[in-house]
Amino acid sequence: MKEVKIKGMDIKLPKGNAFAYETAEPLPKLHQNFLCVAPRGQGKTTLTINLMERMPFDRIFVISPSVASNTDLMRRLKLDPDDIYDDPDDIGCLQEIKEKIEKERDDLEEYEKKKKLFKELMKALNDGSWNIGDDMLLEFYKNGTFEPPTHKWNGRRPICAILFDDCMGSQLFTKGIRKLNQLVIYHRHLAQFKEGGALGCSLFFLVQSYKAQSGGISRCIRGNCTSLAIGRTKSQKELEDIAEECGAEVSKETFMKVHNQATKDSKFDFLVIDFHRKDTHPSPFRKNLDTFIIPEELEENT
1 MKEVKIKGMD IKLPKGNAFA YETAEPLPKL HQNFLCVAPR GQGKTTLTIN LMERMPFDRI
61 FVISPSVASN TDLMRRLKLD PDDIYDDPDD IGCLQEIKEK IEKERDDLEE YEKKKKLFKE
121 LMKALNDGSW NIGDDMLLEF YKNGTFEPPT HKWNGRRPIC AILFDDCMGS QLFTKGIRKL
181 NQLVIYHRHL AQFKEGGALG CSLFFLVQSY KAQSGGISRC IRGNCTSLAI GRTKSQKELE
241 DIAEECGAEV SKETFMKVHN QATKDSKFDF LVIDFHRKDT HPSPFRKNLD TFIIPEELEE
301 NT
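In the numbering used here, the protein residues as written are 1 to 302.
I should point out that these hints are in silico values taken from the structure, not numbers from a laboratory. In this text, all values refer to a predicted model and were calculated from it rather than measured experimentally. Heads up, the beta-carbon is just placed ideally off N, CA and C, and yes, glycines get one too. Take these hints with a grain of salt, some might be off.
Claimed, not checked - Derived Cβ-Cβ restraints for the label pairs, each shown as a range:
(1) A124 <-> R156: 42 to 50 Å
(2) M256 <-> F193: 39 to 47 Å
(3) G155 <-> K237: 49 to 57 Å
(4) F193 <-> K237: 23 to 31 Å
(5) N126 <-> D72: 16 to 24 Å
(6) F193 <-> E244: 51 to 59 Å
(7) D89 <-> H151: 32 to 40 Å
(8) S66 <-> M256: 27 to 35 Å
(9) K116 <-> E96: 46 to 54 Å
Based on the sequences and whatever the hints tell you, model everything.
Dropping the structure here:
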């Protein structure tokens, strides 16, 4: 089939990266829209927290009615009590979390502004200039000296995440699903800066079923998934649905083999799929977090 190149119509890619934050080599990229699916009691929370505590998160919000029963695991995330929401029927918690992340953005922009003013003040003082406003002097004069502005995260952009656990069937996943879908769509663009870019926020969903008639993971959440962890399931239909939607890397047959390989030893094992793997990772498939699984058809392409 013949192709004719059209001069001047090449697509110019924007600078920057859809995954804005660096992570250690073995870890997936950030930001994440991570989905973990397994029946009750098969280690969804354990797997996800083991991943999250290795990520460079500064602030993690949790929406879950079962936080109290997972105290030991949750303690590892070093949560602020004010960032824990134990009622997923309260749809307003999404807006409150959004405002807290935007406040992080505002604090950083204010810090950058004050840092610039402090630099100007120090230059003026060193130059012997007396043309300095009282407001500027009062802003930085503390404890008998001029003190530079401070910032909770030392002037860097804090990395935020939200964990949704045991929320299936709640108002958040039914009446509030539109707001939740909106969050999923723009999670990377949350809390935009005036100068460009955004803080963004990673999302982690822990659910017992990949599809549900009502109150489950929406098609929007599934379709925007960056990583997927799948435990053992008694439902062949559910596994086929996942293979159909998420098995684009390899054939459906290979997907089934990879899932069996990952989960055959224990009910607490997971197949983890990274849909946006790093170039240095030999496969998008892992058994749990620590073992890459490389199917034959991927080996042939390496």
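Given the hint of 46 to 54 Å, is the C-beta distance from K116 to E96 inside that range or not? At 31 Å between Cβs, range violated.
Do M256 and F193 keep their Cβ atoms within the hinted range of 39 to 47 Å? Holds: the Cβ-Cβ distance is about 45 Å, inside 39 to 47 Å.
Could you see if the CB distance from F193 to K237 stays within 23 to 31 Å? Distance hint for F193, K237 is violated at roughly 45 Å.
Using the beta carbons of A124 and R156, state whether their distance is inside 42 to 50 Å or not. Check failed, 28 Å falls outside 42 to 50 Å.
Between the beta carbons of G155 and K237, is the distance compatible with 49 to 57 Å? The hint (49 to 57 Å, Cβ to Cβ) holds, given that G155 and K237 are roughly 51 Å apart.
Satisfaction of the hinted span 16 to 24 Å by the C-beta atoms belonging to N126 and D72: 54 Å, violated
Consistency of beta-carbon spacing, M256 to S66, with hint 27 to 35 Å: 31 Å, holds
Holds or violated: the 32 to 40 Å window for the beta-carbon distance between D89 and H151? Hint holds: Cβ distance 36 Å, inside 32 to 40 Å.
Just to be sure I understand the hint, the distance between the Cβ atoms of F193 and E244 should be within 51 to 59 Å; is that true here? With Cβ atoms ~39 Å apart, the hint is violated.
In this structure, the earlier hints numbered 1, 4, 5, 6, 9 are contradicted, and the remaining ones agree with it.
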